[in-house]
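Listed in order, the protein sequences are those of chains A and B. Heads up: take any position in the first sequence, counting from 1, add 491, and you land on this note's numbering. Heads up: take any position in the second sequence, counting from 1, add 21, and you land on this note's numbering.
Hints listed in this document are in silico derivations from the structure and should not be mistaken for laboratory results. Incorrect hints may appear among the rest.
With a cut-off of at most 27 Å between alpha-carbon atoms, the simulated DSSO-like pairs for lysine-lysine come out as follows [unchecked claim]:
id, chain 1, residue 1, chain 2, residue 2
1, A, LYS555, A, LYS532
2, A, LYS511, B, LYS90
3, B, LYS79, A, LYS557
From the structure, some residues in chain A lie toward chain B, with a derived Cβ separation under 10 Å [stated by the list, open to error]:
id, residue
4, SER500
5, TRP501
6, CYS504
7, GLY507
8, TYR527
9, LEU535
10, ILE596
11, GLY601
12, LEU604
Every residue gets a Cβ at the ideal spot worked out from N, C-alpha and C, and that includes glycine.
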Amino acid sequence: GAVVSQHPSWVICKSGTSVKIECRSLDFQATTMFWYRQFPKQSLMLMATSNEGSKATYEQGVEKDKFLINHASLTLSTLTVTSAHPEDSSFYICSASFPGQGNTIYFGEGSWLTVV
Amino acid sequence: AQSVTQLGSHVSVSEGALVLLRCNYSSSVPPYLFWYVQYPNQGLQLLLKYTTGATLVKGINGFEAEFKKSETSFHLTKPSAHMSDAAEYFCAVSEGGGYNKLIFGAGTRLAVHP
Chain A
492 GAVVSQHPSW VICKSGTSVK IECRSLDFQA TTMFWYRQFP KQSLMLMATS NEGSKATYEQ
552 GVEKDKFLIN HASLTLSTLT VTSAHPEDSS FYICSASFPG QGNTIYFGEG SWLTVV
Chain B
22 AQSVTQLGSH VSVSEGALVL LRCNYSSSVP PYLFWYVQYP NQGLQLLLKY TTGATLVKGI
82 NGFEAEFKKS ETSFHLTKPS AHMSDAAEYF CAVSEGGGYN KLIFGAGTRL AVHP
């Protein structure tokens, strides 16, 4: 079964509103999670590294004030897209390092965001 | 900086034929290498990974990959394609070695026809 879960799987929001996506590690603690973005028919681009109890580390070109990341517990990281615009529409995927199986990195199911 | 190049954005094979998906990497440190599969509208599923040790790595669904340091390659193969193998495949390298954030290749879409 899934070891990393995302919610919601699909979300539609109006331009100018904010939307939150959750990433949970199931039955294990993840001090570090990663957020990726994938445009249709393209590869995954790392947005930020989410660190439990501290500020996220953003990749170059990613607006930290627009993509708010909170990692308040060892099993939950959230990505909030603020003041969403249609160009923010994308597939957002998180990952976490699973302590078992030699720290294998597992991905969530992904979340489709459509901004209308 | 690390990078991954996947040769061929689209690969088409007949059912039962050999599958070969190419991946070359660039890394200044010993790499950790991964292959993931993505089915439409879904997340990524790990097929296999190379960290250290044996260079031929066997994964799920009959896939395997061989780490060739001299060629900086980590090609994915499967002896006999099934229709269910049709999907997008991503090769990735772990930045800085070890288990860390991943740098992905552009992906290869595998089509399997009867």
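query = Should the hint that GLY601 of chain A touches chain B count as held when the rule is a Cβ pair under 10 Å?
reply = Result: holds, 4 Å to nearest chain B Cβ.
Per-residue hint verdict: LEU535 of chain A, partner chain B, C-beta under 10 Å = Since the shortest Cβ distance to chain B is 5 Å, the answer is holds.
message = Interface hint check: LEU604 of chain A, Cβ to nearest Cβ on chain B, cutoff 10 Å. Holds or violated?
response = Interface hint status for LEU604 of chain A: violated (13 Å vs cutoff 10 Å).
query = With 10 Å as the cut and Cβ atoms as the points, is GLY507 of chain A at the interface with chain B?
reply = violated (26 Å)
key: ILE596 of chain A as chain B interface residue, shortest Cβ-Cβ below 10 Å   = holds (6 Å)
query = Does TRP501 of chain A meet its interface restraint, that is, does its C-beta lie within less than 10 Å of any C-beta in chain B?
reply = Because about 9 Å separates TRP501 of chain A from the closest Cβ in chain B, which is inside the 10 Å limit, the hint holds.
ask   = Taking the least C-beta to C-beta distance, is SER500 of chain A closer than 10 Å to chain B?
value = Result: holds, 9 Å to nearest chain B Cβ.
ask   = Is the hinted pair LYS79 of chain B and LYS557 of chain A satisfied, with a Cα-Cα distance of at most 27 Å?
value = Distance ~41 Å between LYS79 of chain B and LYS557 of chain A Cα, so the pair is violated.
task = Classify the hint on CYS504 of chain A as holds or violated, based on whether any CB of chain B lies nearer than 10 Å to its CB.
result = Violated. Min distance 18 Å.
query = Is the hinted pair LYS511 of chain A and LYS90 of chain B satisfied, with a Cα-Cα distance of at most 27 Å?
reply = violated (42 Å)
request  = Identify whether the interface hint at TYR527 of chain A stands, where standing means a beta carbon of chain B within less than 10 Å of its own.
outcome  = holds (8 Å)
request  = Decide if the proposed pair is consistent with the structure: LYS555 of chain A and LYS532 of chain A, CA atoms, cutoff 27 Å inclusive.
outcome  = With Cα atoms ~25 Å apart, LYS555 of chain A and LYS532 of chain A stay inside 27 Å; holds.
Of the numbered hints given earlier, the model fails hints 2, 3, 6, 7 and 12; all others are met.
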